[in-house]
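Spelled out, the chains give:
There are 2 protein chains.
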Amino acid sequence: MATRFVSERNIKFLLYEVFDVESFTKYEYYSEHNRKMFDMVLKAAIKLGQDLLFPIFEEMDRNQPELVNGQVKVHPSVKTIMQEFGEGGWISSRVPFDQDGEQLPSMVADICEFIFAAANYSAHAYPGLTFGASHLIESFGSTELYDTYVPRMRAGDWQGTMALTEPEAGSSLSDITTMAEPTDEGFYRIKGQKIFISAGDHDGVENVVHLMLAKIEGAPAGVKGISLFLVPKKRIDDNGNLVSNDVVASGVYHKLGYRGCPIVQLSIGDKNDCRGWLVGEPHNGLKYMFQMMNEARIGVGMGATAMATAAYYASLEYSKTRLQGRNLSRKDPTLPPVAIIEHADVKRMLLFQRAVIEGAQSLLMQCSKFVDFQKVLDGEAKEKYHLLLEILTPIAKSYPSEMGIQSVSQGLQCLGGSGYCDDYPLEQYYRDCRIHPIHEGTTGIQGMDLLGRKVIMKDGQALLLYINELHDTIAAAREFKMLEKFANELSESLTSLQEVTRHLVSIAGQDGPEAFLADATLYLEFFSIITIAWQWLLQGLAVQKALNNGAKKKDLNFYDGKMFTLRYFFAYELPKTLGLAKRLMDADPLTVEMQKEHFND
Amino acid sequence: MATRFVSERNIKFLLYEVFDVESFTKYEYYSEHNRKMFDMVLKAAIKLGQDLLFPIFEEMDRNQPELVNGQVKVHPSVKTIMQEFGEGGWISSRVPFDQDGEQLPSMVADICEFIFAAANYSAHAYPGLTFGASHLIESFGSTELYDTYVPRMRAGDWQGTMALTEPEAGSSLSDITTMAEPTDEGFYRIKGQKIFISAGDHDGVENVVHLMLAKIEGAPAGVKGISLFLVPKKRIDDNGNLVSNDVVASGVYHKLGYRGCPIVQLSIGDKNDCRGWLVGEPHNGLKYMFQMMNEARIGVGMGATAMATAAYYASLEYSKTRLQGRNLSRKDPTLPPVAIIEHADVKRMLLFQRAVIEGAQSLLMQCSKFVDFQKVLDGEAKEKYHLLLEILTPIAKSYPSEMGIQSVSQGLQCLGGSGYCDDYPLEQYYRDCRIHPIHEGTTGIQGMDLLGRKVIMKDGQALLLYINELHDTIAAAREFKMLEKFANELSESLTSLQEVTRHLVSIAGQDGPEAFLADATLYLEFFSIITIAWQWLLQGLAVQKALNNGAKKKDLNFYDGKMFTLRYFFAYELPKTLGLAKRLMDADPLTVEMQKEHFND
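Protein chains in written order, with numbering that gives the first Met the number 0: chain A, 0 to 600; chain B, 0 to 600.
Worth flagging that the hints you see were computed from the coordinates, not collected in a lab.
Incorrect hints may have been included.
Identical copies look the same in the list; a pair holds intra-copy or inter-copy alike.
Think about it this way: if two alpha-carbon atoms lie no more than 25 Å apart in a straight line, the pair counts; the simulated PhoX-like pairs of lysine-lysine are [unchecked claim]:
(1) Lys-595 with Lys-553
(2) Lys-484 with Lys-575
(3) Lys-581 with Lys-484
(4) Lys-190 with Lys-286
(5) Lys-552 with Lys-319
(6) Lys-575 with Lys-330
(7) Lys-11 with Lys-553
Let the sequences and hints guide you as you build the complete structure.
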């Protein structure tokens with residue numbers, strides 16, 4: 000078993016040197032905090048990961064959840080985890096002081112989540128989902144709903160979920176058929192089926208609180224008729240006791256990976272006795288849910304990065320200790336074999352992983368910083384960071400998801416045959432990480448969100464702000480001799496991005512939405528690579544500043560390693576944009592023209 | 000469960016229209032055959048796949064092999080499979096008539112193997128390995144070894160294996176430590192450990208015949224001291240009875256996938272009573288083994304393509320029947336949802352799979368054709384096809400292995416959440432196919448084989464022959480208006496390949512082997528994409544010829560589909576060479592310069 004799942008040094012580099020979280024303590028909202036406290040929080044998170052989550056990473060996989068007599072049974076540690084996360088304040092780390100939360104900057108709270116996800120993704124999902132659901136109630140629910148549910152959720156007693164998907168409505172939520180019938184008793188009667196609900200039922204908590212999409216009878220067709228309901232597994236009766244609310248776990252899926260967390264099928268209101276409470280206004284459900292969804296999407300990116308990070312350290316450890324072969328320039332078979340990390344091709348595989356995971360982690364921290372800016376700024380300045388976060392969300396979700404798979408796969412490859420066997424954790428990471436391009440909106444959906452919505456929203460204002468951010472970084476990097484080359488390359492890529500975007504938008508006008516969005520997934524990939532190059536240049540800036548300020552000797556290998564990884568990204572990854580740009584500038588709409596009959600035979 | 004795992008139409012297109020297997024019947028060696036017979040063989044292979052192999056595809060995965068009291072227990076069907084394959088002549092389909100074989104052209108025999116692998120890769124491995132091992136004995140073993148072992152192997156009574164890997168010697172075979180002590184009784188006493196031996200022990204046969212690498216005491220260091228031995232699990236005593244030969248299954252690996260076939264750890268000669276018989280001359284073992292290894296490498300490519308093909312048809316079936324969402328140009332939610340195959344992004348994912356699998360299958364058939372040419376030609380002409388096969392082998396092994404994973408992953412993605420659950424076969428294909436970039440020489444090893452050996456062998460003669468083949472195809476394609484554009488694009492790519500190759504070879508001279516081979520894996524990818532583009536152009540030629548000759552109406556959708564897939568490959572896949580060429584022409588040797596210390600922290 001690998002012994003390490005994150006790099007504390009890299010976390011601190013991003014938090015303090017690249018994104019300067021300390022600078023936020025000058026704002027009123029975060030003024031109670033300081034670096035010493037952040038360090039303590041980090042240390043506690045790593046310890047919790049090491050002591051509680053990481054040791055059962057394999058065990059939770061090998062003993063997957065099962066449905067027994069209508070109750071989903073999970074690993075007994077889940078109960079402990081929910082309790083510890085509740086008591087330790089981890090579910091309420093982002094919650095304001097006046098609600099008994101820790102009011103931590105998102106940058107710090109998110110990096111803690113990253114640590115937990117790296118230690119054990121399945122385990123971290125339980126409290127993570129609970130926070131998201133409680134935040135939705137806090138944001139849009141009534142005081143009564145808040146008082147009844149949120150404290151129990153934050154304490155880790157009750158699980159929270161997001162219940163969207165149905166058998167016939169996955170990517171297309173407009174087709175949900177779960178119905179809500181109004182009553183005059185303050186609640187609605189809910190009836191329907193939900194599938195693929197993460198942590199949708201389990202015996203590690205005493206209750207499960209579903210934030211559920213449903214349609215009120217007579218609602219308009221499509222997404223404009225969707226409302227949000229709070230539907231608990233057990234409701235509180237007049238005597239204050241928990242009683243069944245007619246929400247039944249009817250199945251648990253057996254999955255490729257991510258087996259520590261049950262994905263549940265729910266039958267709701269089979270006995271016509273399921274009560275749901277409207278959250279916010281009728282027919283606005285999807286808008287509300289998108290708050291949780293957007294958080295969840297960034298959470299998926301975070302989890303994907305974390306998982307790939309843990310896989311990287313496992314493959315690094317193996318590569319440092321496994322002896323095999325000799326250097327190509329000294330192939331004498333009587334010489335002892337070398338550690339495989341000596342081989343250029345293995346270093347390439349390790350560098351690929353680092354380039355992906357540390358680039359993605361930087362982007363996620365960048366997103367967290369934009370969230371923090373929104374907490375402390377107002378008006379136009381706040382709106383700016385809101386728009387930047389909007390345009391970055393599909394990238395922050397999909398790049399780590401897609402490239403995380405490639406990264407873990409290269410990690411597995413470093414181990415050769417051992418990577419394919421369950422004596423090492425790589426095969427589990429490989430199974431686990433395949434979920435990410437699927438849940439919380441597939442990569443295809445993210446591509447359409449980026450090109451079909453975010454890029455063109457508000458006359459392209461979000462894109463313009465994004466371009467400005469990159470220009471600022473490029474200008475700053477040009478001040479450093481070691482970064483000039485990379486700054487110029489990013490600048491060229493940015494020009495290409497603008498050119499491609501203009502071309503695609505012109506297609507939208509001429510040929511309609513099908514042709515416009517046919518290659519949205521490729522556009523997403525193209526946009527993402529440039530975004531991660533930007534993040535690497537930002538990291539390069541921090542390194543150069545540190546070196547100019549006389550870095551400590553013990554940090555030199557770390558900084559040199561960063562510069563090698565930056566060089567790697569620009570030499571091996573950024574050139575992938577050339578092929579993507581060629582395709583995106585090509586006007587052959589073959590995927591639109593091809594018909595299903597052409598797939599016969 | 001999907002109902003289809005190959006396309007008979009596509010198999011016949013490749014066999015008859017693209018590679019014209021019938022033309023080989025004019026040669027003496029294949030003169031007994033004709034198309035009608037080939038069709039019967041294909042039909043029989045598909046039926047065997049459908050009736051015997053495909054139905055237990057999941058079952059063999061869910062009931063993986065276990066070691067029980069020193070005996071590996073496998074699915075009971077394995078015994079039936081070995082018997083049926085023996086009796087049906089499938090293990091000896093390539094064997095000459097005078098050895099009671101079928102003497103089928105490789106093109107036909109290999110496509111049958113493809114069909115079996117698509118139906119159930121694990122199941123097909125047992126007879127496949129047995130053929131390879133028996134072929135090795137036939138090629139290099141004594142008459143006595145042949146008579147004792149080969150007939151029983153071809154009958155499906157005895158399993159054959161290739162036993163190379165050891166705990167400390169995987170990619171680097173020069174470090175094997177299994178020893179062979181000569182005796183004056185005609186055999187050697189063998190002692191050592193082997194790991195990762197496919198079908199290395201099981202209860203579906205009465206004996207297992209290992210073709211094993213070992214070093215004779217006092218042999219030179221490195222690969223020049225490796226000899227090849229036949230080491231049976233049970234040897235024949237003086238009374239003609241099978242008795243233990245001191246080869247013990249000491250472990251069976253639990254793997255990510257490919258679970259229907261056991262990968263075994265062997266302890267050899269623990270009681271000092273293991274007898275091995277030398278195959279061929281001493282110290283020439285690796286050379287002999289490379290015959291089986293090269294066949295096995297192409298076999299891996301074939302298996303990877305087959306698996307991805309089966310996954311493609313499963314995802315196609317789902318995409319045709321799953322209803323979700325509406326066309327982007329008609330989003331009215333009151334309209335009924337469409338099958339997801341109507342969405343351009345889904346068509347793109349299906350086209351990607353087709354472009355990969357049908358391109359790879361074409362390359363594999365091309366390799367088979369080169370094998371057939373070697374059977375019927377002599378002298379320089381024979382040597383030409385030998386060299387072409389040499390240079391194509393690393394590509395035929397690695398492109399399907401690496402891209403097969405991407406292809407299956409896109410297949411899984413078409414199914415969304417269902418693709419991640421074991422109610423559908425995609426998750427199993429996804430696990431199964433990850434073995435291919437590892438076994439029979441990792442992708443890294445293939446890259447070094449291509450650039451460090453094949454490209455420069457005989458003063459670049461193999462490369463020259465390859466370039467000529469592509470030139471011929473390009474010239475032929477330019478005669479067709481519909482292919483001109485693609486012919487020109489392939490021509491440009493070929494120029495780029497020559498430029499990159501010259502650049503890399505110049506590095507070899509200036510900076511030594513480390514820098515030369517540092518990006519061999521990327522060079523392999525670059526070379527492979529161009530090779531598959533060539534194969535698509537060849538397929539395009541066959542389509543255009545068929546259309547010019549007045550194709551049947553029922554074939555038009557098939558031919559149009561082929562042309563769409565060709566367009567896809569040139570529009571989406573070939574441009575990937577741009578980024579690869581940029582990197583390969585870049586002189587920054589960062590993976591050589593970076594040291595292991597830079598991976599600290």
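Cross-check of the supplied hints:
no., hint, result
1, Lys-595 with Lys-553, "between (61 Å within a copy, 15 Å between copies)"
2, Lys-484 with Lys-575, "both (17 Å within a copy, 23 Å between copies)"
3, Lys-581 with Lys-484, "both (23 Å within a copy, 15 Å between copies)"
4, Lys-190 with Lys-286, "within (22 Å within a copy, 70 Å between copies)"
5, Lys-552 with Lys-319, "within (22 Å within a copy, 61 Å between copies)"
6, Lys-575 with Lys-330, "neither (34 Å within a copy, 34 Å between copies)"
7, Lys-11 with Lys-553, "within (15 Å within a copy, 65 Å between copies)"
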